[in-house]
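The primary structure of each chain is shown beneath.
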Amino acid sequence: MITTIGKKFIKTSDDIGNAFLLLVKTVRSSFSEKQDRKNIINQMIQIGIMSVPVTALTSVFTGMVLALQTAYSTRNIFNEPIYIGSVVGFSMVKELGPVLTAVVVAGRVGAAIAAELGTMKVTEQIDALYTLGTNPIKYLAVPRFISIVVMLPILTVFADIIGIIGGFFVSVYKLGIAATVYKNDILDYMRVEDLCHGLIKSVFFALIIVTVACYKGFNCEGGAEGVGRATTQTVVISMVMILVSDYFLTALLVLFGVG
Amino acid sequence: MIKIVDLHKSFGENSVLSGVNLEIKDRETLTIIGGSGCGKSVLIKHIVGLLKPESGNIFIDETEITGLNEKLLSEVQKNFGFLFQGAALFDSLTVGDNVAFGLRNLTDKSEDEISKKVKKCLSMIGLEGIEQMKPSELSGGMKKRVALARAIATDPKYIFYDEPTTGIDPIMADVINDLIIHLQKSLDITSIVVTHDMTSAYKISNRIAMLYDGKIIGTGTPDEIKKTENPYIKQFTTGSSVGPIKMKVKAHGTDTESR
Chain B
0 MITTIGKKFI
10 KTSDDIGNAF
20 LLLVKTVRSS
30 FSEKQDRKNI
40 INQMIQIGIM
50 SVPVTALTSV
60 FTGMVLALQT
70 AYSTRNIFNE
80 PIYIGSVVGF
90 SMVKELGPVL
100 TAVVVAGRVG
110 AAIAAELGTM
120 KVTEQIDALY
130 TLGTNPIKYL
140 AVPRFISIVV
150 MLPILTVFAD
160 IIGIIGGFFV
170 SVYKLGIAAT
180 VYKNDILDYM
190 RVEDLCHGLI
200 KSVFFALIIV
210 TVACYKGFNC
220 EGGAEGVGRA
230 TTQTVVISMV
240 MILVSDYFLT
250 ALLVLFGVG
Chain R
0 MIKIVDLHKS
10 FGENSVLSGV
20 NLEIKDRETL
30 TIIGGSGCGK
40 SVLIKHIVGL
50 LKPESGNIFI
60 DETEITGLNE
70 KLLSEVQKNF
80 GFLFQGAALF
90 DSLTVGDNVA
100 FGLRNLTDKS
110 EDEISKKVKK
120 CLSMIGLEGI
130 EQMKPSELSG
140 GMKKRVALAR
150 AIATDPKYIF
160 YDEPTTGIDP
170 IMADVINDLI
180 IHLQKSLDIT
190 SIVVTHDMTS
200 AYKISNRIAM
210 LYDGKIIGTG
220 TPDEIKKTEN
230 PYIKQFTTGS
240 SVGPIKMKVK
250 AHGTDTESR
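Protein chains in written order, with numbering that gives the first Met the number 0: chain B, 0 to 258; chain R, 0 to 258.
A few of these clues could be false.
[What the hints assert, rightly or not] Quick look at which bits of chain R chain B covers, simulated, 3 or more residues with Cβ under 8 angstroms: (1) 52 to 59; (2) 201 to 211; (3) 214 to 222.
[Stated by the list, open to error] List of simulated lysine to aspartate or glutamate pairs, DMTMM-like, C-alpha gap at most 25 angstroms: (4) B/K37 - R/D96; (5) B/K37 - R/D187; (6) B/K137 - R/E69; (7) R/K51 - B/E220; (8) B/K137 - R/E223; (9) B/K33 - R/E127.
Since the hints were made in silico from the structure, they are not lab data. Using N, Cα and C, we set each Cβ at its ideal position, and we do this for glycine too.
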């Protein structure tokens, strides 16, 4: 029993250390070597543009339900629906925008990266890259790293806007709140720091997704079953890490006066 | 010349190579034979630097490669071409881009020169005009031939073939054998082949070496191997279940050993 726990502990520590080393090598390679622009643009389209529909759908309904819940709650307490714009705006920009977008991207993009790299590993394509004078980190991890670190914050801003628009429609057309009231509720209280708060978090979430996905893909073993396992582990680990790190990042950013 | 001295490698508690000594002369075709899982592929992956040994040395033209850093190793790797067991073509690229991959990464050739070289390599393996096809559109035999074109495109000094005839029909296997002999003569290269297909081994080799129990237990010309009195080599080359090589077989739910 103790041996089993010990082995698991060593394996987990080993994985964390190696994943961190992979991130360091990827970051170093991103800045020190000439990049393949075509490959990066292709990845940006796959990671960013192709994630727009699912991000829009998730955030619009999140904004709508937030407006509805806030209205019902404030009506119970204050006898009228108030501060809906503020609650929807702050929730989307500081929390739900970055977290929901990261979760959606982890499910869609993280899984795809792990499956693609995992398949390349088990079919010896990663070994083939080495024998053809190409470092797989530079060729495979770096374009994905750059693309996701650039595209996730952009998607987050997009999700913030769509969520706020969703809240706007519910507030104005269902709850009968004046459009200017909703708008002023947001603009009167929202600061640039609040937007930065969400964007900084989304960059960290991007690092989590790409590191976990690339590490699981590069270390995939055991044929089709192994690829499936790597994909599932990527989604589960990324989502858990996003949610856990969200708390600590929030506490840290507030401590430093960002949002 | 390639020289392997006292090479050891284990995976966990499983010792795969336990003191391999082997010398491969320039411009010869050496075939390494041995049972499935005996470590043949592991051995050639050590020679090309894809795996690191626990101890022992590998000399490529007087350069000891086991202690080289990534950059120096990639310089040595420019001398290698590798045909992987499953072809390991890059799924996302066309046949033309697969063959051109090493040329783009390892040489300063212009796109025009690369295009001509790709055409030449594909014609050498008898597959002209398929540059725009994707690997998924090719049969198993065609994939191996394209992988061969990719391996020879950079004019390597050494070509490694990992089970070149496994998984394809006997006629296509003979086509591959003929190609290996033709390339050997026309390009004047050193070939290292790993196989358990004795028909192929006898046809293409100048010398044959047998790997058993983590060591090279005998080497010789095809004629010498045919006439050998070594009971291990004799049993393997004749494909007999009777002899000193014990195979674990599972029959009717019980573990038994062949006689």
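Here is how each hint holds up against the structure:
{"no.": "1", "hint": "52 to 59", "result": "violated (count 0)"}
{"no.": "2", "hint": "201 to 211", "result": "violated (count 0)"}
{"no.": "3", "hint": "214 to 222", "result": "violated (count 0)"}
{"no.": "4", "hint": "B/K37 - R/D96", "result": "holds (14 angstroms)"}
{"no.": "5", "hint": "B/K37 - R/D187", "result": "violated (37 angstroms)"}
{"no.": "6", "hint": "B/K137 - R/E69", "result": "holds (13 angstroms)"}
{"no.": "7", "hint": "R/K51 - B/E220", "result": "holds (18 angstroms)"}
{"no.": "8", "hint": "B/K137 - R/E223", "result": "violated (47 angstroms)"}
{"no.": "9", "hint": "B/K33 - R/E127", "result": "violated (33 angstroms)"}
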